[in-house]
Amino acid sequence: MPAAPFTRSALLRYAGVALVVGIPVLILVLLVLYPLAAIILQSIFPNLYALNPNITPSLGPLVHVLSNRLNYQAFGNSLWVSAVTALIASALGTALAVLAKRTDLPLRRAMDTLVWIVFFFPSFLIGEAWSLVIIRGGIPDQFLHFPDRFISWFFSPVGVIFILSLKTFPFVYLAVSAALRWLGSEFEDAARLSGARLWRAWLKINTPLLLPAIFAGGMIAFAEALSDFGTAATIAQSSNFALVTYQIYAAINTSPVNFALAAALSLLLFVAIGLAMLAQAGVQRRRSFQVISGRNRPARNVALGAWKWPALLFCALVFLLALFIPLGMCLVLSFLHAFGNGLTRSNWTLNNYSAALAQGSDSFAALVRTVELAFGAATVTTLLGMPIAFIIRRTQLPGRTLLSMFTLVTIAVPGIILACGYIFAWNAPYLEALGIGGPDGIQFYGTVWLLLCAYIGGSLPYATRLSIGGLEQVGTNMLETARVQGANIFQLMWRIVGPLLRANLVSIWLLVFTGVMFELAASELLYPPGEPTLPVQIISLFNDFKLGPGMALSLLTVAIVALALVLLRLLPWLVGQISKPMQRRRTAHVLADQTTH
Amino acid sequence: MYLQIKQLTKSYGSKRVVSEVDLSIAEGEVLSLLGPSGCGKTTILRMIAGLITPDSGSIRVGERLFYDGKREVAVEDRQIGMVFQDYALWPHMTVAKNIAFGMQLRRIPSAKIKVKVGELLELVNLPGMGARYPYQLSGGQQQRVAVARALATEPRLVLLDEPLSSLDAGLRESMRTEIVQLFHGLKITAINVTHDQDEAMSMSDRILVLREGRVQQIGTPTDLYLHPVNPFVAAFMGHANMLAGEIVENAASSETLSLRLDEQGVEEKQVVTGQLNENVRQHLNGRARLLVRPEDVRVHQESREFAHRNVFEGLVSHTSFVGGQWRTLITLDKEQFTQVLAYPQFQPQIAQRLWLELPPERCQIVPD
Chain F
1 MPAAPFTRSA LLRYAGVALV VGIPVLILVL LVLYPLAAII LQSIFPNLYA LNPNITPSLG
61 PLVHVLSNRL NYQAFGNSLW VSAVTALIAS ALGTALAVLA KRTDLPLRRA MDTLVWIVFF
121 FPSFLIGEAW SLVIIRGGIP DQFLHFPDRF ISWFFSPVGV IFILSLKTFP FVYLAVSAAL
181 RWLGSEFEDA ARLSGARLWR AWLKINTPLL LPAIFAGGMI AFAEALSDFG TAATIAQSSN
241 FALVTYQIYA AINTSPVNFA LAAALSLLLF VAIGLAMLAQ AGVQRRRSFQ VISGRNRPAR
301 NVALGAWKWP ALLFCALVFL LALFIPLGMC LVLSFLHAFG NGLTRSNWTL NNYSAALAQG
361 SDSFAALVRT VELAFGAATV TTLLGMPIAF IIRRTQLPGR TLLSMFTLVT IAVPGIILAC
421 GYIFAWNAPY LEALGIGGPD GIQFYGTVWL LLCAYIGGSL PYATRLSIGG LEQVGTNMLE
481 TARVQGANIF QLMWRIVGPL LRANLVSIWL LVFTGVMFEL AASELLYPPG EPTLPVQIIS
541 LFNDFKLGPG MALSLLTVAI VALALVLLRL LPWLVGQISK PMQRRRTAHV LADQTTH
Chain Y
1001 MYLQIKQLTK SYGSKRVVSE VDLSIAEGEV LSLLGPSGCG KTTILRMIAG LITPDSGSIR
1061 VGERLFYDGK REVAVEDRQI GMVFQDYALW PHMTVAKNIA FGMQLRRIPS AKIKVKVGEL
1121 LELVNLPGMG ARYPYQLSGG QQQRVAVARA LATEPRLVLL DEPLSSLDAG LRESMRTEIV
1181 QLFHGLKITA INVTHDQDEA MSMSDRILVL REGRVQQIGT PTDLYLHPVN PFVAAFMGHA
1241 NMLAGEIVEN AASSETLSLR LDEQGVEEKQ VVTGQLNENV RQHLNGRARL LVRPEDVRVH
1301 QESREFAHRN VFEGLVSHTS FVGGQWRTLI TLDKEQFTQV LAYPQFQPQI AQRLWLELPP
1361 ERCQIVPD
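Just so you know, the sequences run in chain order F and Y. In case it helps, the working numbering puts the first sequence at residues 1 to 597. In case it helps, the working numbering puts the second sequence at residues 1001 to 1368.
No wet-lab data here; the hints were simulated from the structure. Since we're looking at a predicted model, the values are computed, not measured. Ideal placement from N, C-alpha and C gives every residue a C-beta, glycine not left out. Among the hints, erroneous ones may be present.
Said to hold, decoys possible - BS3-like mimics (lysine-lysine), calculated; alpha carbons at most 25 Å apart, straight line: (1) K1015/Y <-> K1070/Y; (2) K1097/Y <-> K204/F; (3) K1006/Y <-> K1070/Y; (4) K1114/Y <-> K204/F; (5) K1070/Y <-> K1097/Y; (6) K1269/Y <-> K1334/Y; (7) K1187/Y <-> K1114/Y; (8) K1116/Y <-> K204/F; (9) K1116/Y <-> K1097/Y; (10) K1097/Y <-> K1112/Y; (11) K1116/Y <-> K1187/Y; (12) K204/F <-> K1070/Y; (13) K204/F <-> K308/F; (14) K1112/Y <-> K1015/Y; (15) K308/F <-> K1070/Y.
As the list claims (entries may be wrong) - To give an idea of the interface, some chain F residues facing chain Y are shown, with a C-beta separation under 8 Å as derived from the structure: (16) A110; (17) D112; (18) A190; (19) R192; (20) P208.
One chain only, chain F, in its complex shape (with noise of 0.2 Å):
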C-alpha cells in the first residue's frame, strides 16, 4: 500500500485506533494498574507516600505487620472461613442447580430468577438482617425468647460462614448450571444404557464431568468470601471477629493511619485471591473438560418421584435462609416507629420512607449521587470493556495475552483493596508536581470524581471478561466480512461488534449499575466527606441505630435496582411479544418457500 500518511482515511484510521485501543487501555492503566501497583510500592517503599515522601527500600514495615498476632489472625481467620464457605456454597449451588436443571422439581423454573436476586441482594444488608433477627430483644426473639447459648453460638464465625455461604452460592449455582448445559443427558444415557443404573450414572459420568466446574465455582465463592467487606462490617464486627477485610478498613480509618498495615494485608489478600482466580481458569482450560464444552447439548430430566417433596422442601429452606427472612425483616422493619417496641399497632409508620425521600435531607442526597454514580460508572464500564474485550480475543495487538493475564487476575479484586490503592496513587505527594492536588491543582483526590473512576476501575475486569464472553459466541467471519467491506476499526465496534453483543452488554450494565448501587467497601474508604453514598449512609444509619430509616433507605436502593432491571430486561421482551405475531408469519412464509422446492 501506497504511503499517504495524511489523506483523510488514514487520519480517520489512527484517530479511530486512539479511541478503540488507546482510551480503553489508558483507562485501564490509571484506574486499575496504577492503583493496584502503588499497594505494592508502599510495601516495598514504606514511605513512598508519607507526608515527606523518599524512596529508601525496606521490607522491615512488611515484616514487622505480618509479625503482629492480631494481623495475621485476622488473615487466618479470613481463610479458613472461606475455606469453609467455599465447601458449604458448593454443596448448596450444585445441590440446587442439578435439581433446577435436570429434574422434574415443581416451580424449578423460578429457580433461575431467585438466585439473581440473592446474588444481587447484598451482603452487608443480609448480614445486618440476620444479625437483627438473632438478636436479644430483636422481634423475633420477643416472640421465640432465643436460649443465651443460641445467640453466642450465631454471633461467632458460625454466622458469619452462614451469611457468606448464603451469598456465594449463587456462584456455583451459575457455573453448575452452564455445565449442566454443555452435559446434557448423553453420557448419563450411554452409561444407562451400558446397564448402569441411574445413581451410578450420576456418580461414576456425570459428577466427575462437573467436578471441573464444581470445582471453578467453589474458587469463585472463596475468592469473593475472602474479598467481602459487608458481612465483615456488620455481623463479623458484631460478633468480634476479625476479618482481614475490616482489618485494612480500620487501618486506614482509625488513627493513626497505618498505611504499611494497609498495604501489606492487602498485598496478602490479593495474592490469595488472585491464586484462587488462577487455579478456577486453569482448571476451566483442562482438556478433557473441553471436550464437552462449547455446545448445548439435550438433556432429559430426572423425574424425582417420592423425593419431590423434600427437594422441594429443601430449596425453599435455602431462599427462605438467603432471601425471605433477611427480606421481610428489612420490610417489617422498615415500617416501624422503634426497633424495641415491637409489632404494635401504634409502632407502625410510612415515617421512615417520608424521611429517606425528603428533600434535602441527607438521605435523598445519597441516593440521587449514588444513582448518578452507577449511572455513570455502569455505562462508562460497558462501553470500554467491549473494546478491550475485542483488543485480546480478535485483534493481533502485541502485549493481548497480557491484557488478558490482567484483566482475569484482577477480576475479583476486593473493594477495599483497589480503594486502599486509591488513597495511595491519587493522593500521592509527588502528583502535586504534575499539578493535581495541593492547594491550588486539579481537585481529584476526596472528590466523587475519584470515586466514580474507583467503580470504573472495580468493575472493568470483569465487564471486560463478560464481554469477552459475549465476542466468543460471534464468528470472526462477520468481523472479517465488515472489515472488507471497509470498515475501520471504530465503526467495525460501533455497527458491527456493539449491536452483536446487544445483549450481552446490556447484562453487563445491569451487573455494574447493581454493584455500585450496592457497593460498600470503597465508597466507605473514599467517598468525599460529607458526601456519602447509599450503603455507607445506610451503614451509618445502622451504627446510630436508626434501623428504620436505614432500612427504609435499603429498600428503596433495592427498588431502584429492580426497577432497573425490569426496565432494560422486561421492555425489550415486551416489545418481542407485540412484534412476535408478525415475525411468526414471516418465517411462517419462509418455511412454506422451503417445502415447495
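Fit chain Y to the supplied structure of chain F, relying on the hints for placement.
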C-alpha cells in the same frame, strides 16, 4: 420377527411427533429410519432405547416386552447397544475404560474384560489405542470407539443415532461399509437413524421413510427408489422428474397406466404412460404423477418418429459438467414451470432445442 413395534405414538404438547408407527424387523437385519429433520425418527429410536416414554403403542424385542402402555422396562435393563450422534464418549475415561464400563457393571472378571477390550479394539481397527483419551482421537477413531463400546455388552440389538453425521464426507463413505460389514458379520440387528438417503441406501437391508411422524413407506433400497408410493418418497430417494396428471383409465390387471397431464392453456392435453407396480396400485386415487429418474431420460437433438407418446420438446436452461456427465436442466414448452433434469450424451448449448423421450418402460406411476 425379532423386533415388533405396534401403533407407537408420541406427542409433545399438541404436536404429534410420532404417529401410529408399525414396524417389524427380522433378526440380523439392518434397518434405517430415514426422513428430514423433525420427522420423528430420533424419537422412535429413543423410545426403543427407553430414553423417551411413548404415549401409547407397544415395543417388543425378542422374547421381551419393553413397553405396552402399562409396563416399561428401564433403560439399563434393556440390554441394547447405542451409538450416539456425537458419540458421548466419557471424556474423563480412557478408551479402554469407556469400553470396559458396561462389562464391569456385569461383574465380568477383569482379566476377561481386558481380553475382550483388546478384541473389540481389533474389531474396530484400533488395536493398541486403549490407553488414549477420547480427545486424543480423531473423529473417525472416536466413532469406532463408540461402536466398540456399544458392542461390549454383547447386545443383540444396536441403535445408531446418525452415527456418521459428524464425520467428513470421505470418511463417512468408508465407515458406512465398515459398520454394515461388522454388524452383518456379528449377526446383530441394527436400527440406523439418518437424514441422508445415500447413507440409508448403502447401509440398510430395508429403509423406513418417515414424514411428520408418519410412516410413508417401508422397503428395500431398490424398492423405494424404483417404486415409491408417493411423491415425497420419490423425491427423497433421489432426484425425481415428476409430471402431474389425471388417471385416464384404470384397468385392474394392467401393468401400465396412462395419465392426462395438467397442461395450462393447451387444447389437447398430452397423455403419457408409465409402469404401475403391484404395491403401488392400492394407493391410487384418481390423480398421480409420472416419475422418471434423470438417468432414464433419453435426449435427442432433432425430432424423429417415436414408438410411444412420452415425448416432450423443450429448451436447455442450464447445463454443467459434473461427475463425467452433462447435468442439464430443460424447460418444457408445454409445462413452463417444470424443469426436467437429464444427462445427455453430448454437450448441450444454452437455449438449444431438445427432444426428450421418457421411455414408458422406465417411467413409474406415483400416486399423488
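Violated constraints from the hint list, given by number and in increasing order: Result: hints 5, 12, 14, 16 and 17 break, sorted rising.
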